[in-house]
Every structure is written in structure tokens, then in C-alpha cells.
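Undergrad: Position chain B relative to chain A; hints supplied.
Sequence lines, in order, name chains A and B. Per the working numbering, the first sequence starts with residue 6, numbered consecutively. Per the working numbering, the second sequence starts with residue 6, numbered consecutively.
If you are wondering where the hints come from, they were derived from the structure by calculation, not from laboratory data. Where a beta carbon is used, it is the ideal one built from N, C-alpha and C, also for glycine. Fair warning: there could be bad hints in the mix.
[To be verified] Simulated restraints, written as ranges between beta carbons of each label pair:
| # | chain 1 | residue 1 | chain 2 | residue 2 | range |
| --- | --- | --- | --- | --- | --- |
| 1 | B | Lys124 | A | Lys169 | 21 to 31 Å |
| 2 | A | Glu113 | B | Ser184 | 41 to 51 Å |
| 3 | B | Thr177 | A | Lys157 | 30 to 40 Å |
| 4 | B | Asp147 | A | Glu195 | 21 to 31 Å |
| 5 | A | Arg199 | B | Lys117 | 52 to 62 Å |
| 6 | B | Gln145 | A | Thr183 | 53 to 63 Å |
| 7 | B | Leu109 | A | Arg199 | 53 to 63 Å |
| 8 | A | Phe92 | B | Phe181 | 31 to 41 Å |
There are 2 protein chains.
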Amino acid sequence: MITVLSGGGGGVKFLKGLAQCMDPTQIVAVVNTGDDFILHGLYISPDVDSTLYSLSDQINPETGWGQKDESWRVMGALEKLEGETWFKLGDRDLATHLYRTQRLFLGEDLAKVTSQIAKAFKVKVNILPMTCDRVSTFLQVDLDSFDSSQCKSDCLSFQEYFVKYKCNPKVTSISFETSCNPMPTHGIIEALDRSEAIIIGPSNPFLSIDPILSIKAIREKLVSYREKVIAISPIVDGKSLKGPLSKLLIELGKKSDVVSIARHLSSVASVFVIDSSDSSFRKELTDLNLAVATTNTVMDTETDKVAVAKFVMTKVLAQIGK
Amino acid sequence: MITVLSGGGGGVKFLKGLAQCMDPTQIVAVVNTGDDFILHGLYISPDVDSTLYSLSDQINPETGWGQKDESWRVMGALEKLEGETWFKLGDRDLATHLYRTQRLFLGEDLAKVTSQIAKAFKVKVNILPMTCDRVSTFLQVDLDSFDSSQCKSDCLSFQEYFVKYKCNPKVTSISFETSCNPMPTHGIIEALDRSEAIIIGPSNPFLSIDPILSIKAIREKLVSYREKVIAISPIVDGKSLKGPLSKLLIELGKKSDVVSIARHLSSVASVFVIDSSDSSFRKELTDLNLAVATTNTVMDTETDKVAVAKFVMTKVLAQIGK
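For reference, chain A alone in the conformation it holds in the complex:
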């Protein structure tokens, strides 16, 4: 069994490759829900959906989110009503949100609903939202750093930052708000215990991995299992391939390089997989008490995804004696 911690971007690409390298029923994906939010009364879980759509080959390959063969009838009519259309919801995608919201309304939890949707999409990987409680990512931002005339506060929800303001605001800090002591979804702790290796996917460590690690029981398990935790770098040649990671690193006073990522994750991971373009940082990484494995980590094609997964499942696992 392999457990992968993931957001909705790079981590999902890795999962897609991994599911083609091993029995997908033996993969547990622990997915970030810090980006979940309610819009139009609908409970939307973007990273869970990207995982579902990607693993079922339904994701729109051009955007990297939403479904392929999508239509926009509802959004078109909502636009005429001058409704909120900054978060694009395709017609097929909407059905997922309607279904999830109704099931949650009837008292089922996010994990149960996710497994029902996974079944309908014929996904065999066990997708577990990190928690069925609410943990929400918020970003403290500098209001002078972007057009904030429509902004009511300098504390933005993830989707406001990411979609509405297109990552333009300068971030000063990130927090994960919760009203309770959030519990990991049932099955996560057992999966961490039983897994040969725990892989931190190449997702944004601050926005996709940290929300997962904000759940105390998960972080504690990773710390105690550090020897079998492998992190894959989301930085390639000193830059993030997509998304605001590079910009964010600078704003948070760090360098945009693999060392910053490694430093951030070195308490929970013992092996760090980096792109060949960053191999000059090997010494600095080993100084952080990390074993380093180098390969091509860019996953543009399905072949790339499988190659990275195969590399991790053979060479890296051998490196940690599995």
C-alpha cells in the first residue's frame, strides 16, 4: 500500500502515473480540502474533484480543472442574471456539486460522498478527503499589492486569492481556520500505518500540503514515519511549473528553490525527489538530513507521469530499503 498526500495539481499528475504502475486499489490519496468552499449554496471541493476527474480521465486537459466535453449553459444564464461567475462551473461539473451538497445535506460525510462519486466515475484509487471536518485556508494579503477595491478584508479565502484575484495579492501569511480539533478522515491513520511508503506529491507545500499537515494526528504520524516519507519537489529549475508557488516563496521571504521546499518539509520527509535541473542543490539538501533522488519530474504527458511514478516505486523505494 502507498499513501500519497496531494493537492489538485502536480500531486494529481503523480497519482495518475502511480495508478498505472501498481494496483490502484492499493493507493490511498489523502487530498487537501482547505480550498473547499460554498458558492451558490453548493459545497465545492476543488482538489477532490480534480483528483476524481483526473483519475477517471474526465479532466479537461487544457485547463487542468473541470471536465472535458463540458458545456456552459448554466454559467451563461447566470451571467445574464449578473450572478457570481468568477468561479467557472461547467454543466457536468455542477452535477457533482449538486450531488455532493444534497448528500451532505442528508447527513452523509464528505468521505462517504467522495467514495460514492468515485464509484460512479469508476475510480479505483481510494480518495480520502483529509478530513470531514471544516479546515479552511485563509491568506493574509497586502491590500496595496493589487486592485483591492472590491475587497472587504485583507484576509482572503483560498478561492478568492487563487481564482477571483488570480494570485495577484502579495501574501504575508497563511492560516488554516477550523472551529474544532479536526479529525483525519477514517482510514487515513490506518493507511499511514500500513503503507510501505508515504509520498508527498509535487503540490504546493504551503497551500496544498500544509493544510493536510495542519491536522495534528496526520502530522504526528508523518513525523514518526519520517523514514518512509518521500517528498517530490514541486520546483523545477528554481521555479514552480504552474501556480503561485515561486511568487509565494519570495513573498514569504524565502528563495524560490528546492532548498526552501526541502527545509519546509524536512521534519516530515527523509527522501526528497528533485528534478535533474536542480541537482546542483544536492549538497545543501543532504545537509538537511535528506536523502536525494534525481530524475525528470516534469509531467506534461501520460508517459512522463508513469515515468516519475516508476522511478519513485523502484529506485526511491529501494533507497529506503523497501
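TA: Here is chain B on its own, set in the frame of chain A:
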């Protein structure tokens, strides 16, 4: 100014005719919200929507609900997820529910949101939901009278009774549940005061008009203004044209005729407009202290709708000295 009390069927047909006979900005439609419900997390207000769609010529003329030129992409995808598809929501229609739900979520009330949608649909009639509080119609039913294997209770919400179980259950009683003392929407009391005539549209008195009259301040106004209240019969030739009214009358121990309707409304209305086919009941109706006006009340075509409205606005208003 004319105020019309209405549900989503016959009452709306009358409103449609009336809006073509007089300045539509001088018409106030007080619309039943007892059928409102939440499905998939969306706040759905069926009678308000039918009124909006009908008055803007957007209603599907074949079904009498939903919009014309409608598509069903979301429902199709929801069906594949085995979601709840018993209440059909077209793609264009869904935009209305998304818009309304989001605005309610932001703290606006149902009246404000309705007026915003009306503006977008270029509707000039002033559509007022009967209340911005929650009043919900429930039907106590006989579980032995229909296939109730999926039923959790013998108390059904309106939409369960009407759409899910297609009016099959035998009804033993009807109630309007509310957690508070519901207030009429702002503007209703003033409209009742200022109107030359108050018209109870040819809607189901038990399921569409009674919820409105369950609001104490509205009922009291109608009782005090009984002399200017005109009710249009929803019964033609002893039967309801559409919907469960005839069946319901029998189940509630009454006859399916205009007299039963008149008896039910005689405390709030002084004039009763009946179809020519029911003119033999004139004597029984006048015995209930009702003035009777007879015309063709069937409104299949736009011409019919205008004819009924014209009849009420000229002959019937003259009859009450307006």
C-alpha cells in the same frame, strides 16, 4: 392598483392576462412560497419562478413550469451519479436557483432577490413572495393509499407530495409549518390597502391560497376588505383543470364543485367568478353571501387570459362599484 394572490398555475395565467389589460407596474402579485424547498443545497421557489418565467414569456408552454428552450446537461450528469433527479431542474432554470441561493447566502431577503431576478427578466409586475420568513406546506397522508415504501414519514412536504409522489397519496390534512410569526413581505399590506380590488387567482385554495392566508396580517386585511376581494374559481364544470384539487376536495370530505371552493373562501371574498358551465350553482353561492359573476374561465390561450382579465377589470369591478 390591483393585488392578486396566486400560486404557480391558474393564478399565473390570470396575471399574464391582467398584465396585458392594465399598466403592469400597477399590479402586485402576492405569490405562495409554501412550496419553497431546498434541494441540492439550492433554494427553490417554484411558484415565484413560474410567475417570473410566465410574465417574461420564458415559461415552457408545454409543461407549464421551467423555461422554454431549456437543456438538461446537469440533470443528465446527475442521473449518471444516481443523484436525486425527481425534481427536474433545467440548465437555464438552475441559474435562477444558483443566483437566488447565493444572494440569500449573502444576507439578502427573498423579496429583494426576487425583484433582482424580475429586473433581469424584464418583468414589470411587482412580484412579492408572500413572506421572507419560512412557511412550509406539509400534507398528512395515508401511507396505505400509495406506494410508500420509500417514505420515511406520513407527513410529506409539498414537493414530495406533488412531484415525487405525483399527488397519489390520499391527503388527510394540510398544515403550514413555521418557526416564527411570519411577516408579510414589505409592500403587501400597503398594496392591499391601496388596491381598488384584491383578486384571489384561480389557484388551488388549499395548497396555493391558504399558505398566503396563513399569514395572519394578510388574512386579517382580506377579511376587513372582503367587499373588494374577488375570487376566481379554479373549478370548471365540477373539476379542476389541472392538479390535484378535485381529488383533494373529495379526500377532505367535500364535493368537487364550486360551492366547496366558495364556502372555503367566503370569509375573505365577496365576489366569486365562476365558469359558465357551473352557473347552475349560482343560487347556492349567493346563499353564501357572495355576488356571482359568470364567464368562460378556461385560459388555454393568451386570448383567453386577456378575456378573463378584461371581464374581471370591467364587469366585475363595476359590480363592486369600482
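Undergrad: If a hint holds in the structure, say so; if it doesn't, say that too.
TA: Verification of the hints:
1. B:Lys124 x A:Lys169: 21 to 31 Å: Check passed, 25 Å falls within 21 to 31 Å.
2. A:Glu113 x B:Ser184: 41 to 51 Å: The hint (41 to 51 Å, Cβ to Cβ) is violated, given that A:Glu113 and B:Ser184 are roughly 25 Å apart.
3. B:Thr177 x A:Lys157: 30 to 40 Å: 51 Å, violated
4. B:Asp147 x A:Glu195: 21 to 31 Å: Cβ of B:Asp147 to Cβ of A:Glu195: about 49 Å, so the range 21 to 31 Å is violated.
5. A:Arg199 x B:Lys117: 52 to 62 Å: Since A:Arg199 and B:Lys117 have Cβ atoms about 54 Å apart, the given range 52 to 62 Å holds.
6. B:Gln145 x A:Thr183: 53 to 63 Å: For A:Thr183 against B:Gln145, whose Cβ atoms are near 42 Å apart, the range 53 to 63 Å is violated.
7. B:Leu109 x A:Arg199: 53 to 63 Å: About 45 Å separates the Cβ atoms of B:Leu109 and A:Arg199, which means 53 to 63 Å is violated.
8. A:Phe92 x B:Phe181: 31 to 41 Å: Since A:Phe92 and B:Phe181 have Cβ atoms about 37 Å apart, the given range 31 to 41 Å holds.
The structure fails hints 2, 3, 4, 6 and 7 (numbered hints given earlier, in ascending order).
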